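If you read the sequence shown in my numbering, its first letter stands for residue 418, the second for the next number, and so on.
What the hints contain is simulated information worked out from the structure, not anything from laboratory work. These numbers come from a predicted model, not from an experiment. Every residue, glycine too, gets a C-beta built ideally from N, C-alpha and C. A couple of the hints might just be wrong.
List time: in silico DSBU-like cross-link candidates among lysine-lysine, alpha-carbon distance up to 35 Å [claimed, not checked]:
id	residue 1	residue 2
1	Lys814	Lys982
2	Lys590	Lys611
3	Lys675	Lys731
4	Lys525	Lys590
5	Lys512	Lys525
Just the calculated beta-carbon pair ranges, DEER-fashion [said to hold, decoys possible]:
id	residue 1	residue 2	range
6	Glu503	Ser1054	31 to 41 Å
7	Asn794	Leu883	54 to 64 Å
8	Leu883	Asp1071	13 to 23 Å
9	Leu435	Ile968	46 to 56 Å
10	Pro1125	Thr425	28 to 38 Å
11	Glu544	Leu883	50 to 60 Å
12	Ile467	Arg1143	39 to 49 Å
13	Asn794	Gln1014	34 to 44 Å
14	Ile968	Asn787	43 to 53 Å
15	Asp971	Gln1045	19 to 29 Å
16	Asp967	Ser1054	17 to 27 Å
17	Val780	Asp971	32 to 42 Å
18	Gln661	Arg1143	52 to 62 Å
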Amino acid sequence: MNVLSLLTPIQDVPRIGLVYQKRLKKFGIKTVQDILFHFPSRYDDFSDIISISEARAKLAKTVCIQGKIVKIEDTRTFKKWTNLTEAVVQDENDKIKVIWFNQIYITKTLKEGDFVCLAGKVSLGKEGLYLNNPAYEKINDWGFSGLTHTGRIVPVYPETRGVTSRWFRFIIKPLLVRFVNVIPESLPPEIIEKYKFLPIAEALWQLHFPDSFESADAAKARFSFEELFLIQLSVLKEKAKLMQFKAPACKMDASLMKEFTESLPFKLTNSQKKCSFQILKDLEKSVPMSRLLEGDVGSGKTVVATMASLSVAKNGFQVAFMAPTEILAKQHFKEVSKLLLKFNARVGLLTGKDSRISNEEKVSEISRQNLLEELKNGQINILIGTHALIQKGVEFKNLALVIVDEQHRFGVSQRAQLFEGLKLVPHLLSMTATPIPRTLALTVYGDLDLSLITEIPKDRKKTKTLIVEPKDRKTAYEFIEKEVKYGKGVFVICPKISAQGETSLPRDGESEKKPTQSFGSFAPQNYDFGFFSKNDVKAVKEEYEKLSKDIFPDLRITMLYGKMKASEKERIMLDFKKGEIDILVSTSVVEVGVDVQRATVMMIEGAERFGLAQLHQFRGRVGRSDMQSYCFLFTTSPDQLNRKRLKALVDCDDGFKLAEKDLEIRGPGQLYGSQQWGIPDMAMQGLSNIFLVEKTRTAAKEILEKDPQLKNYPLLKERLKQFETRIHFE
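All chains, full assembly: derive it from the sequences and hints.
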């Protein structure tokens, strides 16, 4: 162990080696320092050591005892062929039987005559009371005083196959003893003093092996702050870096904007007016805009984006407008072309297989080569497409604005692909219908300015949402059939089927397919890039078979899923829009942006398996006209937590409130998943605390205002560098 340092690769640590190195990759653990910063997710309280006599009175409860092993042997049951390790442990006054199931290796560790500490549940069997599968350790078997797995507050770590909490404790404790006092203090001393934080050595020890729950809480407070503080430093530094670049200044023409709004067949809401003004004023500046436009489904974000595009085009610059799917890109192309009909704007469409041009009332096909030539020469004002826009060979002459729809993160590396060779950095407008809780907006999206559309058009009726239990399905089916007879359309959404055959869906923040490289590591959640698995298709086919044969044999029912060709999906959606399809059975491919005004029913199978934000977006696929619409949440047997979530959806149609509610009910770890961005669990937990988030943001601003390059904080700078290799917002 003499050659070990904090930066020693994990495979060189005794008792770890190559096998465990591969398993630890899941947690991003590569060095000794990494494993010391792999924090517990919770604790077991085994600190109250009682006598065996007292333990006998605590049936079905977890107890901790100490004693001497007077007998231990491996046996095998004949009924289930289960391996048992049976022991008898005795203290001064009593003895008790101990049974471990399928852990025959224990007899290699524990022998008769050993003194042990055991923590487990007291159970009742045919032969009387016994201790069931207890945690165990020899007393003083570490070679220094103090228990590790029992007889104290015991840390429980995030685990993976082949790596248990016991293993983590076994490895971490001796490493802590060796290194805890040489780990550098990265938090600035003024912050430690201001907030009365534990020093890093004490905090690390108390987090892994706390003397009390109060000590564990104090350690958590320090590291929760530190990890959120590092996120804030990262995003604010990124924002400051961007401010050093120059962007095209696009002067707002108030009379042109007035002419545009008066040409619309509807009136803008106050929210749309406010957001438009914020964006248009940002575009006038010579520093790059980085703005996130949030608005509920159907709130009119595209109109706001079109106003910004028109302003940029009339200033002689170009706009790139990216959508996550071909269907949505074509829908935007059609809508933007229509909105700019009277304004002499040349709008182009570029997807993997399609290229078109719209100018005034004419839409025409154009070869990809000719479109790219026109784009390079500056003849195309607005180019709409998929991630094809940032592929090789796509060159803009004078790009001034990038609009990204339903893509929360579009960072510097992606912008660099678009403005390669350009002198000026384009402005960025990201749009999303997925409401972002305030705490997240101040951290992960802290480098973006926010514009919120909080109203929906006045002619829209509130979609009625109902939870449908199994006993009520027949009534719901009858209602759906009536709606179809009136010419209405019906969406049916299916959860995917897992490899085990059970229906399931990822939690919000866990993609059900691989993210596309072009859009960065944080690809839109559950959006269709053609990466759906066979199980997704299986779920849709099974639902299609059930509905078309058993429930609605007389109705026209069609399937839609991600593996279909883009042209086939487009044809199906067009037929559905025209009323040639009654019921569309789909995966979550319809979640984003698809607009079918005749659709009035959204039926969601296994609704409890979806996140609230996702359910809200599904619901937003209907209610796109002045007709009354309905959302049926079909459930099997939701637990109390899921019932509470679904009830929240029934009671509320405000996406922002629902996002906060989901955060409150499920917590950020479940809602977003630490694997989504590589955010450590401690920071994830901190995301539910607005006061902590604001405190870390203020602290980060104060440090960067004094020292933008962190020259006076070399240890903090190094810690931030290490931290940024783990998180991946872009």
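Now for the hints, and whether the structure bears them out:
1. Restraint check for lysine 814 and lysine 982: satisfied, since their Cα atoms lie roughly 32 Å apart, inside the 35 Å limit.
2. Simply put, lysine 590 and lysine 611 have alpha-carbon atoms about 30 Å apart, close enough for the 35 Å limit, and the pair holds.
3. As the CA atoms of lysine 675 and lysine 731 are separated by approximately 14 Å, the hinted pair is consistent with the 35 Å bound.
4. A distance of roughly 22 Å separates the Cα atoms of lysine 525 and lysine 590; the hinted pair therefore holds under the 35 Å criterion.
5. Taking the CA atoms of lysine 512 and lysine 525, the gap is near 22 Å; set against the 35 Å cutoff, the hint holds.
6. Checked against the given bound of 31 to 41 Å, the beta carbons of glutamate 503 and serine 1054, roughly 38 Å apart, stay inside it.
7. In this structure the supplied range 54 to 64 Å holds for asparagine 794 paired with leucine 883, their Cβ-Cβ distance being about 55 Å.
8. Roughly 18 Å separates the CB atoms of leucine 883 and aspartate 1071, a value that falls within the hinted 13 to 23 Å.
9. The hint said 46 to 56 Å for the Cβ distance between leucine 435 and isoleucine 968, and at roughly 55 Å that hint holds.
10. Between proline 1125 and threonine 425, the C-beta spacing of about 33 Å keeps the proposed range 28 to 38 Å intact.
11. The beta-carbon spacing between glutamate 544 and leucine 883, approximately 54 Å, falls within the hinted interval of 50 to 60 Å.
12. In this structure the supplied range 39 to 49 Å holds for isoleucine 467 paired with arginine 1143, their Cβ-Cβ distance being about 42 Å.
13. Between asparagine 794 and glutamine 1014 the CB atoms are about 38 Å apart, so this pair conforms to the stated range of 34 to 44 Å.
14. Evaluation of the 43 to 53 Å hint for isoleucine 968 and asparagine 787 yields a pass: the beta carbon distance comes to about 50 Å.
15. Here the CB-CB span from aspartate 971 to glutamine 1045 is close to 24 Å, well matched to the stated 19 to 29 Å.
16. Here the CB-CB span from aspartate 967 to serine 1054 is close to 21 Å, well matched to the stated 17 to 27 Å.
17. As the Cβ distance of valine 780 to aspartate 971 is approximately 37 Å, the hint placing it in 32 to 42 Å holds.
18. Our hint of 52 to 62 Å for glutamine 661 and arginine 1143 is violated, since their Cβ atoms are close to 26 Å apart.
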